[in-house]
Amino acid sequence: MKILKNILMLLGVLLVAGSLIFAVNSDGINGTVNTAIANDSIEKNVANEYHISSIDIPEDLNFAGESVPQQDPEIMERVDREFLVNTYWQSNALLLMKRAHKYFPVIEPILAKNGIPDDFKYLAVAESGLTNVVSPAGATGFWQIMRETGREYGLEVNSNVDERYHLEKSTEVACKYLNRWKKKYGTWTLTAAAYNAGPGGINKYMRTQQVDDYYDLLLGQETGRYVFRIMAIKEILSNPEKYGFHLEKDDMYNAVPSFTVEVDKPIASFANFSKKYEINYKILKRHNPWLREPHLNNNSRREYTIEIPNKGYYRESK
645 MKILKNILML
655 LGVLLVAGSL
665 IFAVNSDGIN
675 GTVNTAIAND
685 SIEKNVANEY
695 HISSIDIPED
705 LNFAGESVPQ
715 QDPEIMERVD
725 REFLVNTYWQ
735 SNALLLMKRA
745 HKYFPVIEPI
755 LAKNGIPDDF
765 KYLAVAESGL
775 TNVVSPAGAT
785 GFWQIMRETG
795 REYGLEVNSN
805 VDERYHLEKS
815 TEVACKYLNR
825 WKKKYGTWTL
835 TAAAYNAGPG
845 GINKYMRTQQ
855 VDDYYDLLLG
865 QETGRYVFRI
875 MAIKEILSNP
885 EKYGFHLEKD
895 DMYNAVPSFT
905 VEVDKPIASF
915 ANFSKKYEIN
925 YKILKRHNPW
935 LREPHLNNNS
945 RREYTIEIPN
955 KGYYRESK
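The letter at position 138 of the sequence shown is residue 782 when you use this note's numbering, and the numbering goes up by one with no holes.
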């Protein structure tokens, strides 16, 4: 009986030992498999050539020729933020580059003619992304002009015609506005801030804080970031490859060649008007976004210049 008991105990020990060995081997196998799966997932989900790093800020930052106080750490934190945000928001940066190729040739000569520094074309980028957007406050177009301001500077603004959507005319108005505030504030930097916040807001900040330099003012978040954002956009769009952007000429958006037609009477239907030039209503409105309704009232018989694209650039209407 004692011998039988010893044999059973020995069998029990062997059974337990075998189970432990199997468990260890199983863990080892599973561990190897799991590690391989994890490593395989990492290799598949992380791009080997995609590197995220901080940005080297140029040492000669300026806006419209006015230097940035780069020795000030508070200023440089704000600069760094705009460089990081605008560099790593890649889809937006690419769109801005493509649109700039299309619209800067229209904006640049108007700025130059009016004595406005070329850097202000990037103000339009910061304001609207070079699109005809409307802000919650009602600011409209590439230059985000308010209704009252547009009318004050000679634009027609109503439900039928809104020339804030007219790129050339709205750029002329922006130039007049900027020149006006440059005479008041003395620097292009404060002029840009006044464009964003309004002269009333800038005057209040200056009066309360008793300083007259943009870089010394504690401003609201949007205006406080404004000039730094413009400088970051300027640097990135001017040196795209430096910041990792690679575009070919064929990637860019281009203006469609066009001619103009003078109109000095009402137009009952722009759909019918478009057919005369072998285009459709959509294409007419894309070239003339300032025409806000499907017809032109023109009771005063004012002369309007309507842009018509050259034939062959758009698909034929059915």
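Be aware that a few hints might be false.
Stated by the list, open to error - Derived pair list, reagent style DMTMM-like, types lysine to aspartate or glutamate, alpha-carbon separation capped at 25 angstroms:
no., residue 1, residue 2
1, K827, E796
2, K919, E951
3, K926, E960
4, K919, D895
5, K827, D857
6, K827, E906
7, K813, D763
8, K757, E703
If you are wondering where the hints come from, they were derived from the structure by calculation, not from laboratory data.
- [ ] Take a quick look at whether K827 and D857 sit within 25 angstroms of each other, Cα to Cα.
- [x] holds (15 angstroms)
Open item on the list: Next pair to validate is K919 with D895; report whether the Cα-Cα distance is within 25 angstroms.
Closed with: violated (31 angstroms)
Open item on the list: What's the verdict on K757 and E703, does the C-alpha distance respect the 25 angstroms limit or exceed it?
Closed with: Violated, at roughly 30 angstroms.
Open item on the list: Tell me if the straight-line CA distance from K813 to D763 falls inside 25 angstroms.
Closed with: Answer holds: K813 to D763 is near 19 angstroms, not above 25 angstroms.
Open item on the list: Given the hinted pair K827 and E796, is their Cα-Cα distance within 25 angstroms?
Closed with: Judged against 25 angstroms, a Cα distance of about 18 angstroms means the pair holds.
- [ ] Take a quick look at whether K926 and E960 sit within 25 angstroms of each other, Cα to Cα.
- [x] holds (12 angstroms)
Task: Restraint check for K827 with E906, where alpha carbons must lie at most 25 angstroms apart - done: Violated, because 37 angstroms separates the two Cα atoms, which is more than 25 angstroms.
Open item on the list: Against the 25 angstroms threshold, does the CA-CA distance of K919 and E951 hold or violate the hint?
Closed with: holds (14 angstroms)
Going down the numbered hints, you'll see the structure goes against 4, 6 and 8, while the others check out.
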